[in-house]
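Q: Respectively, the protein sequence lines represent chains C and H. All residue numbers for the first sequence refer to my numbering, where the first residue is 1 and numbers rise by one. All residue numbers for the second sequence refer to my numbering, where the first residue is 1001 and numbers rise by one.
These are computed hints drawn from the structure, not numbers from a lab. It is possible that part of the hints are untrue.
Stated by the list, open to error - Negatives, chain H to chain C, calculated, CB over 10 angstroms:
| # | residue |
| --- | --- |
| 1 | 1132 |
| 2 | 1165 |
| 3 | 1191 |
| 4 | 1192 |
| 5 | 1201 |
| 6 | 1244 |
| 7 | 1252 |
| 8 | 1256 |
| 9 | 1278 |
| 10 | 1292 |
| 11 | 1323 |
| 12 | 1344 |
| 13 | 1359 |
| 14 | 1368 |
| 15 | 1430 |
| 16 | 1432 |
Said to hold, decoys possible - Among the chain H residues that face chain C by a calculated CB cut under 7 angstroms, a handful are:
| # | residue |
| --- | --- |
| 17 | 1043 |
| 18 | 1092 |
| 19 | 1177 |
| 20 | 1309 |
| 21 | 1312 |
Virtual Cβ for every residue (Gly too), placed ideally from N, Cα, C.
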Amino acid sequence: MAQTIDRTKPPETPPIPAYKMPPIHETKLPNGLTVVLVEDPRFPLVTVRLSFQAGSKFDPKELPGLSGMVAGLLTQGTKTRSFRDIGEELASIGGSLDGHSSPDVLTVGGNVLAENLPKLLELLADVALNASFPENEVQLRKQNRKQALLAQHSQPAFLASEKFDELVFGDHPYRYIAPTMESIDRMDQKSMFEFHDSHLVPNNAVLVMLGKLPARNATLNLVREKFGSWKEGPAPAPPAKDFAASKKQIVLLDRPGSVQADIHIGRLAVTRTDPDYFPLFVGNAILGGGASSRLFNDVREEKGFAYDVHSELDRRKDAGVALAVTQVRNDVVGPAMDAVLGHLERIGNAPVTAAELTDAKNYMSGVFLISLETQSGLADQVDLMKSMGLPDDYLEKFTAHVRSVEPDQIQAAAKKYFAPDQATIVVVGDASKIGKPLEKFGTVQVEKAK
Amino acid sequence: MRYLFVSLILLCAVVQAAQTVIPIEKYSLKNGLRVILSRDNAVPVVSVYIMYDVGARAEEKGRTGFAHLFEHMMFEGSAHAPKGTHFKLIQANGGTMNGQTHPDYTDYFETLPANKLAVGLWLESDRMRSLNITAENLANQKEAVKQERRLRFDSQPYSTAIVDRWPELAYQNWQNSHSLIGSFEDLNAASVEDVAKFFKTYYAPDNAVLVLVGDIQIPEAKKLIETYFGDIPSQPKPRTPDLAEPSPKPRSDIYHDALAKVPGVVIGYPGPARNSPDYFAITMIDVLFTAGPSSRFQLDLVKGKQSVIQYQADLGWPFTNSVDYKDPADYAMFLLYKPNFTGDQIVQQVQDEIAKIQNDGVDAKELERARTLLRSERITALQSSFQRAKLLATYEVLDGKPEYINQELDKLLAVTPAQIQAAAKHYLTPERRSVLQIAVGPKPQPSSSGAAKGDN
Chain C
1 MAQTIDRTKP
11 PETPPIPAYK
21 MPPIHETKLP
31 NGLTVVLVED
41 PRFPLVTVRL
51 SFQAGSKFDP
61 KELPGLSGMV
71 AGLLTQGTKT
81 RSFRDIGEEL
91 ASIGGSLDGH
101 SSPDVLTVGG
111 NVLAENLPKL
121 LELLADVALN
131 ASFPENEVQL
141 RKQNRKQALL
151 AQHSQPAFLA
161 SEKFDELVFG
171 DHPYRYIAPT
181 MESIDRMDQK
191 SMFEFHDSHL
201 VPNNAVLVML
211 GKLPARNATL
221 NLVREKFGSW
231 KEGPAPAPPA
241 KDFAASKKQI
251 VLLDRPGSVQ
261 ADIHIGRLAV
271 TRTDPDYFPL
281 FVGNAILGGG
291 ASSRLFNDVR
301 EEKGFAYDVH
311 SELDRRKDAG
321 VALAVTQVRN
331 DVVGPAMDAV
341 LGHLERIGNA
351 PVTAAELTDA
361 KNYMSGVFLI
371 SLETQSGLAD
381 QVDLMKSMGL
391 PDDYLEKFTA
401 HVRSVEPDQI
411 QAAAKKYFAP
421 DQATIVVVGD
431 ASKIGKPLEK
441 FGTVQVEKAK
Chain H
1001 MRYLFVSLIL
1011 LCAVVQAAQT
1021 VIPIEKYSLK
1031 NGLRVILSRD
1041 NAVPVVSVYI
1051 MYDVGARAEE
1061 KGRTGFAHLF
1071 EHMMFEGSAH
1081 APKGTHFKLI
1091 QANGGTMNGQ
1101 THPDYTDYFE
1111 TLPANKLAVG
1121 LWLESDRMRS
1131 LNITAENLAN
1141 QKEAVKQERR
1151 LRFDSQPYST
1161 AIVDRWPELA
1171 YQNWQNSHSL
1181 IGSFEDLNAA
1191 SVEDVAKFFK
1201 TYYAPDNAVL
1211 VLVGDIQIPE
1221 AKKLIETYFG
1231 DIPSQPKPRT
1241 PDLAEPSPKP
1251 RSDIYHDALA
1261 KVPGVVIGYP
1271 GPARNSPDYF
1281 AITMIDVLFT
1291 AGPSSRFQLD
1301 LVKGKQSVIQ
1311 YQADLGWPFT
1321 NSVDYKDPAD
1331 YAMFLLYKPN
1341 FTGDQIVQQV
1351 QDEIAKIQND
1361 GVDAKELERA
1371 RTLLRSERIT
1381 ALQSSFQRAK
1391 LLATYEVLDG
1401 KPEYINQELD
1411 KLLAVTPAQI
1421 QAAAKHYLTP
1431 ERRSVLQIAV
1441 GPKPQPSSSG
1451 AAKGDN
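Isolated chain H, as found in the complex (with noise of 0.2 angstroms):
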């Protein structure tokens, strides 16, 4: 019944052509894990993806870093994965695999020959189910996240800046403001029992969403499911971390960036509430400012006026787009621009266009060319089963609602001037915003800081 369902539904899709739809079947294990199954015969590939429901924003003090450490252990070894065959066994079957740590969830995932199905879940299963935590891969983990925190920040130019200051200016909250890479000392301190109980806490399979996309057997998949995660015990719900924000206020700073050649400024606003109508209104808002060679950032920054190179905005920024957008968060953007403008006058400039659409609003021609702009690449990024995976598990994480990859365009597509003229007005005010300059060169030395400023 379920298949013909299925079938129906691609079906109207072939027929009306301009929407994509994705099958969704949506199930629970005695144990709570949420399983998410899409298929697609196109490609004989399959994705197997598993979210977590924790990130970085639930470390507590003195363990700055640590979802992210926890991250790398995960690829340590398991009772009957010894330590190396995770990366082996998934190259061996010709997978691609990794994981990343975000801001409100961990993902670890792989993408298989479909038939080779089985080996991912036996890896994502026996880890969940017996994660080899020691001392010794502890140690080592911890200096390779210190490398990757050199190669990736610390030699990067602007990085540091982004990641470790922003998140201090633009939140008050330390869940929300504490670097998400974490410090050497705070890496140093993490030990094998903190280890043992954050996996303990937030790696059960009753905090965690598994997702197949791509080219399976449903009843085939659900039996290995079943095998491989269904007896794998449960756990207390975990807290989650109070992120709440007081009232914004303007704040600024400046930094100095040694490393950078190129002036930039990052600038915040606090976002809406997730979706909120607000919310779609903001993302339309970032279409309009960024997304395409017409957007409003590039005929008027880079083209008019001249004075920015490169832009990138969203919500969330730089952690986080509108699509795994969580509030609090910013919606921010950085910009580089040229060294014959101030960074003040970038900013002016950047609120300048924001008040353009807050007094006169965006005219029916401009706004239909952004929902076709839009519709267009959100089609465009719901080609690989990896992405589509990603997109069922964010959506069931973050709304409990997995068929949000097949409305959300719709409520894109439908929000009017009328609302974006007001969303500007409400949120992207200088009363709201946090702005990080980042000039180019150490800081000064004392007797000279009073020039700094007109240097950038």
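Extracted from the complex, chain C is given alone in its bound form (with noise of 0.2 angstroms):
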């Protein structure tokens, strides 16, 4: 009966198991509402996302972070409830609800005891439609978003993505990660209700329900009560997919005192839907998508230049960018540079081999089986789909579009979006430790960081 089990090798396990995704019911309300509904009774909660096509690549060229300001304030007041009121009534239900805003996306969302989701369908309704955006609160969410942005401008991560998404969208709003201090100055009530009316409209809208729902005919019911009147409206149009093409360019962020550099090197690349992207996606995987990665392995494991070195695919409905990202310390700067500058060029001039393939697909296809174990995993894959404009079958077919990539396909797709010719740089770091070392790759801009 003892089976032997050889202890000095890995054991030998079948490959990752297929999962059939719970089924996704659609539907369509008069007044133009998508209604996605998932069952999943695992657990009594009810996870809820109302996602517009308003993020913040659809604010007003003079007012960049006012979504992100709409989204947070939706919350802090309506027609007939005050901030307290939504607050103690959250509570009382076991629920919250938050808005934020990502470049494409508004989101007002939240969970809630399963018992409660009337309650909490009520609430999100009330804010999504009839947000008041009282005075005081508006004037209180400028002052401490001011102060954030002070605080955020101490990190350098941000201050290193800030100027790295400015340089590479250029005059594109995806330029933007965050607001301005002379932006916020000029936010008022009525921007915030000008954005509110023309964008937060039912056919402009997703709303994703899942968890421990009542049966289908009464949770549409229910969603019809509580949203069936919401009128319809014009929905604005995205702005023009105008990116000027990628080139090289170095910018040094002088931040006097840094012990390290804070280092960024991409280019824009492709979204979802391109031919180009599951082969990016999975040579992502082996270049510097996790511990096992070419990335990993030399720049820390090896050479011991970095705790955190990986690479990157920022990837937004109407453009991509592929990066890499690495924090060294200051005297390593010009060989971590070397190296990583390596590796960005020899992934699109060899193919990658079998072994690294086929590890990277399981990676891929591993991690995306465990985002399924949570209501809110779960939600954010169906919420992706939905709102990024994905065929219906993305999720059903995503393992397989992985396991189909071909290592010619990944040195392709590597060599036009990973290539560090014409690759956007920048570096956060003390200028009078780290200016010199940078010079050999190229002409360097310095610019004083905020």
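With the hints in hand, could you dock these two chains into one complex?
A: If you want it as structure tokens, here you go:
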């Protein structure tokens, strides 16, 4: 009976198991609101997300950050409820509701004890439809956002991302990852009402409800009762997809006293719907997507230059970016840059090995499976599919797409999007310590950090 | 028989709807390794979680940061899984993994597709049995830890104040007050012999708990565990560090943070014994103060006085929360505030909030809201197999009772207004308070130091 297991070798295990996603039921109300229901009775909770095509790319030119401010203020008062009323009613049902804004989407959502779903929907409808942007709350939010922005500007990673996006996205509104002090000053109740009234219309929204839901009909009746009378309106068009061609540039943001340099290297790449996407996605995993990636093994484990070194894809609806990120101590900036640039070059010059490819595919398939364990993980995936305009079978076919990628496809995509000849390089650090070693990589433009 | 019992509990859970019950099976191997199994086949995923009963508070003088340095060494390879194998094998099998050093324990964990369970067990057992301890690996990981320190602490506003200066101020016993991330000097001094001794002393099966949560078959899991861990030799029980603190007294200091742009303040009060009635009462006070948009700090300080911008608070902040809190430690909080207020004013405003509880207690409606919110938050936190595994291991290592995962919430919900008022009166007083003000900008020159406080 006792089976012998050879403990000197890694155990043989079967392939990653298949998993059927819970069914996604989608319908549309007469006013254009898309409703997506997913039954997930594992825990007595419901997760709710109401997402609008109203992210920060829709901000007026002179008001970067407006979408984010509107999102945050939705829950700060309505025509009939004060901030305190909303907070107390949420607590009394074991619920949460928060608004936030990404580059593409404005979302207000939260979760609740399943038995209190009707009340959460009532509150959600109230904040989405009837937000009143009370003058005192607007003023307080402006003051606090400015202090938070100051605090963000004391973080080198934030400074690097802010400058990097500004350079890579050019004149497109994607260039802003945060408001500016000036734009916050210019925001007022009027601009918030205007943004709210034009963008937060039902035909511009998707309502995702996931968890231990009542019976299908009862749930839909509840949605109709709370959202049925909401009036549709013309949904504003997104800004034109005008992106400047990527070009080589190096900017050093001087932050005197920094003990290390924060380095971002990257360029425009592709969106999730591009044929190059899955090859680039798997290629990214091999290059710098985890603790067995090339960047991690070489720059951290072999050379000991960095604690964090990775590559990533910033995947927005209208554009994508491929970039490598690391933070290294001042005295190894030159060799660390050489090493990272070398890997960005190499992955486009030779095919990845069969073992690298198999491992990366398994990794991406497994991580996807693990992400489905929680309601918020599952809701993220469903939300992503709906609000990024992806095909309805995107999640069903995700693993198959990953599995189908070939080495030559990775090499071609990497050559186009990881090769650093047209990369934007942003370094945040002490110019007196790291200015010199950077010069060998090209003309360095030095700017003062905020 | 066990199965039937478990499924009956699950059936009850469905009927009650409000209560979520986590099934638990606990046993020990002959070598003393405690094992906790919890089956849940909703998604074909399993979490493998090992908690060792040693943390940074067990470090010795001259070896600050050693527990964390050692945690790094655990990823440097073992007899049959050479350096690099751990990361590579977990990811190649579709899993995620990490390890973390805490004040009182160190944990290592993998979440994998369920049929890859053996891979996680093989890796964890191989390093528990036969860690590779070499001078080369040690030198390499000293550099990695230093780089981690530069990245996560030395380059970040508030971090040095919080992880280095705050414990020095709040605690008098060196075991509690020393830097848990460690000094470069102490990291440099660590030797291969230190690493080997620490491994033998603390990383023995009888000083660890192994938890599996997820889509497992119990008999098969037990067989695998016995195969991989059964013959790892046990070791003498290590000495537990003496963490006792002398009687609290008020303390305060100012830390000048060259990287900070917004002023902050840390406030702490020595907390109650874990699992005492006061422990549950202080946890409820924390909920009243900070949980959700109708919390007292939000309504009174952020909205009312418009002084505070952000806050966080916890039992054992910044290193633990009420779940993995182990006394002695402070109920502590960190607040960022607007520059038109002084740190002293913020401290007073917080003390006034405490005084309201001490004098007026808490009304039934507010307490009922806090209870409901807490119930929802605790259920939400049970969703991932990793979180459940961590909770089960925490209750086992700190209390010897993994079943607390199903009982803690009821104890918290039973806390009465009188208990809350009494705990506030006893624990949250200025006489027991430590205050660390974090001032914006570098330390002023001696000639202008008198103005420094006014600049807050």
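Q: Is the Cβ of residue 1292(H) farther than 10 angstroms from every Cβ of chain C?
A: About 5 angstroms separates residue 1292(H) from the closest Cβ of chain C, which leaves it inside 10 angstroms; violated.
Q: Test the statement that residue 1201(H) is away from the interface with chain C: the closest C-beta pair must be farther apart than 10 angstroms.
A: holds, 24 angstroms
Q: Holds or violated: is the Cβ of residue 1309(H) closer than 7 angstroms to a Cβ in chain C?
A: Holds, because the Cβ-Cβ distance from residue 1309(H) to chain C comes to roughly 5 angstroms (cut-off 7 angstroms).
Q: Please settle this one: residue 1191(H) was flagged as non-interface, so is its CB more than 10 angstroms from every CB on chain C?
A: Non-interface label on residue 1191(H) holds, nearest chain C Cβ at 19 angstroms vs cutoff 10 angstroms.
Q: Would the least Cβ to Cβ distance between residue 1344(H) and chain C come out above 10 angstroms?
A: The assertion about residue 1344(H) holds, with a minimum of 19 angstroms to chain C.
Q: Quick check on residue 1092(H) please, does its C-beta sit within 7 angstroms of some C-beta on chain C?
A: The hint holds - residue 1092(H) has a Cβ within 7 angstroms of chain C, the shortest such distance being about 4 angstroms.
Q: Is the Cβ of residue 1132(H) more than 10 angstroms away from each Cβ in chain C?
A: Label holds. Min Cβ-Cβ 14 angstroms, cutoff 10 angstroms.
Q: Is the hint on residue 1043(H) kept, meaning its closest Cβ partner in chain C is under 7 angstroms away?
A: Holds - the Cβ of residue 1043(H) comes within 7 angstroms of chain C, reaching about 5 angstroms at its closest.
Q: Are all C-beta atoms of chain C more than 10 angstroms from that of residue 1244(H)?
A: holds, 35 angstroms
Q: Taking C-beta pairs only, is residue 1368(H) more than 10 angstroms away from all of chain C?
A: violated, 7 angstroms
Q: Tell me if the interface restraint on residue 1312(H) is satisfied: Cβ within less than 7 angstroms of some Cβ in chain C.
A: violated, 14 angstroms
Q: Beyond 10 angstroms on every Cβ pair: is that true for residue 1323(H) relative to chain C?
A: Check passes; 18 angstroms lies beyond 10 angstroms.
Going down the numbered hints, you'll see the structure goes against 10, 14, 19, 21, while the others check out.
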